[in-house]
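**Student:** Sequence:
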Amino acid sequence: MNRRLAVALALLLSACGSPARDTLSGRSLIPTPAVTASPMPSAVASPASYAASAVRVVVNGIERPYGTAIAVEGVGGTTVRLVFPFPVDRSSVDPWLPRTGSPVWIDDTTVELKFPETEPNPGFKIPQITSTDGLSRIDLLIVALRYLPSVALSVYSLAGATAPSGPNASGSWRVPGGPIFAISPDGSRVLFYPVIAGSDPAHVFDLATRTSTDLKIPKESAPYVAGSWLGDGRVVLVGSSVWVGRPEQPFARIADISQVQPLNAAPSPGGSYVAIAGAQAVWLFSLRDGSARALTGSSGGCARGFAWSQDERLLASIDCETLSVRITDAATSRIVRIIDGVANSLAGLPTGDFIVTRDSGQQGEGARSLGVVYSFAGTEKARYLGYAWSISADGRYLLNIGSCCAGGQSSSLVDLRTPDAQPVGLPGIASWTADGRIVVTSFTRS
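Sequential numbering from 910 applies to the sequence shown in the working numbering.
There may be inaccurate statements among the hints.
As the list claims (entries may be wrong) - Beta-carbon label-pair distances, calculated as ranges:
| # | residue 1 | residue 2 | range |
| --- | --- | --- | --- |
| 1 | E1230 | K1023 | 24 to 32 Å |
| 2 | R1008 | G1080 | 16 to 24 Å |
| 3 | A980 | D1344 | 32 to 40 Å |
| 4 | R1292 | S962 | 26 to 34 Å |
| 5 | P1332 | D1165 | 45 to 53 Å |
| 6 | S1233 | S1181 | 21 to 29 Å |
| 7 | C1314 | G1080 | 26 to 34 Å |
| 8 | L1279 | R1155 | 19 to 27 Å |
| 9 | D1115 | Q1331 | 53 to 61 Å |
| 10 | R1008 | D1141 | 41 to 49 Å |
| 11 | G976 | K1023 | 32 to 40 Å |
| 12 | V984 | G1345 | 26 to 34 Å |
| 13 | A980 | D1165 | 33 to 41 Å |
Hint data in this document are derived by calculation from the structure and do not stem from the laboratory. Note that this is a predicted model, so its numbers are computed, not measured. Where is the CB? At the ideal position from N, CA and C, for every residue including glycine.
Use the sequences and the hints to build the structure in full.
**Tutor:** What follows is the structure, encoded as structure tokens:
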């Protein structure tokens, strides 16, 4: 009896107080949820940020402090080497390097650029530089390069200017100096002269030798209102006096013109005269003996340009009162003919004609002027829209000089004998040399 009671109590306790179990396997009949161990979150390292000053900037072999404007002459080109403080992911840098600098990676920390001397703006910036492992970065690098005052000059043959692949210069230079300059008729030398007292002295830069020669002329003779080359290689400077000489020799003082109060001047093609626009009249000075005379009936006070006939007999100028064009006999001062209409300016052409700038009627930004070509007989020969013009000596090619608005100065070349010819763009202010080549210049201020 006692044994049966003990078994009954054991069964009762098993049913009330313990979870049911599989009597065959001893496993619980109530499922137990599986427990999965979660991995501990790993720490992600933030890229180390470097200051831009950690980049070494070496310009033409000299390391420059970061954060300062770097002024270079640009003569012969400019070399920039960047040395980074860590191996660089090149894809973060390459899109921002100027292609004109022909960038070359020396290794993963060093890149070098070589800018040609005619490059208009060698400065650049890189928004973000990252390391190859992604653990380092520089958020902004600015390479603040600028040129000292200088002139970029390129010479083109007609074949080079009109090449199918685009204009191809036969020679290019960056010449220190400016902003007022005159190029020799053969395109080999550049005359710089001061128009403000205290500026650099008048000097000539030789493109072939890349050397500069100060003119042998008293410093107190500066400033000047005009400087020009004669066909025989002499230079004429007009200020309070008229000076003539060769760059390598002392200059001769031809005449004192302080009483004339000169505003502008233009020598005749053969170097016999210089025409000077004065405060009261237009004057002719002989470059042989310094003799002078005022042109009969002329008025002064404006400097709107001159044009000489190729034989030096006739001078075209603008009357400052009526703004008409007067053609005067240089030997007698007699007015040969008058071309009526308001003339804003005039200039001689290599063809032996001259072009008068008039109002085109266009208005607003980008408005062009009207250029009217005349012979010295007073015959109108052509009309063009633009800003300034010059025509090749054979009359075939037109240079439309200058441009409007943003983007810098430019010119275009048009073949007048080819119907519907497309203009060829040239990067600057264009002019003709004596032998029919094209010189293109652009001035860079400091």
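**Student:** Now look at each hint and say whether the structure bears it out.
**Tutor:** Consistency of the hints with the structure:
1. Under the hint 24 to 32 Å, the C-beta atoms of E1230 and K1023, about 57 Å apart, miss the expected range.
2. For the pair R1008 and G1080, the beta carbons lie near 22 Å from each other, so the given range of 16 to 24 Å is met.
3. For the pair A980 and D1344, the beta carbons lie near 36 Å from each other, so the given range of 32 to 40 Å is met.
4. Against the hinted window of 26 to 34 Å, the Cβ-Cβ separation of R1292 and S962 comes to about 59 Å, which falls outside the hint.
5. Between P1332 and D1165 the beta carbons are some 47 Å apart, a value that agrees with the proposed interval 45 to 53 Å.
6. S1233 and S1181 have their C-beta atoms about 26 Å apart, which keeps the hinted 21 to 29 Å range intact.
7. Between C1314 and G1080 the beta carbons are some 30 Å apart, a value that agrees with the proposed interval 26 to 34 Å.
8. Hint check: L1279 to R1155, Cβ distance near 40 Å, so the stated range 19 to 27 Å is violated.
9. At roughly 36 Å, the beta-carbon separation of D1115 and Q1331 lies outside the given 53 to 61 Å, and the hint is violated.
10. For R1008 paired with D1141, a C-beta distance near 44 Å keeps the hint of 41 to 49 Å intact.
11. Checked against the given bound of 32 to 40 Å, the beta carbons of G976 and K1023, roughly 24 Å apart, lie outside it.
12. Roughly 28 Å separates the CB atoms of V984 and G1345, a value that falls within the hinted 26 to 34 Å.
13. A980 and D1165 have their C-beta atoms about 40 Å apart, which keeps the hinted 33 to 41 Å range intact.
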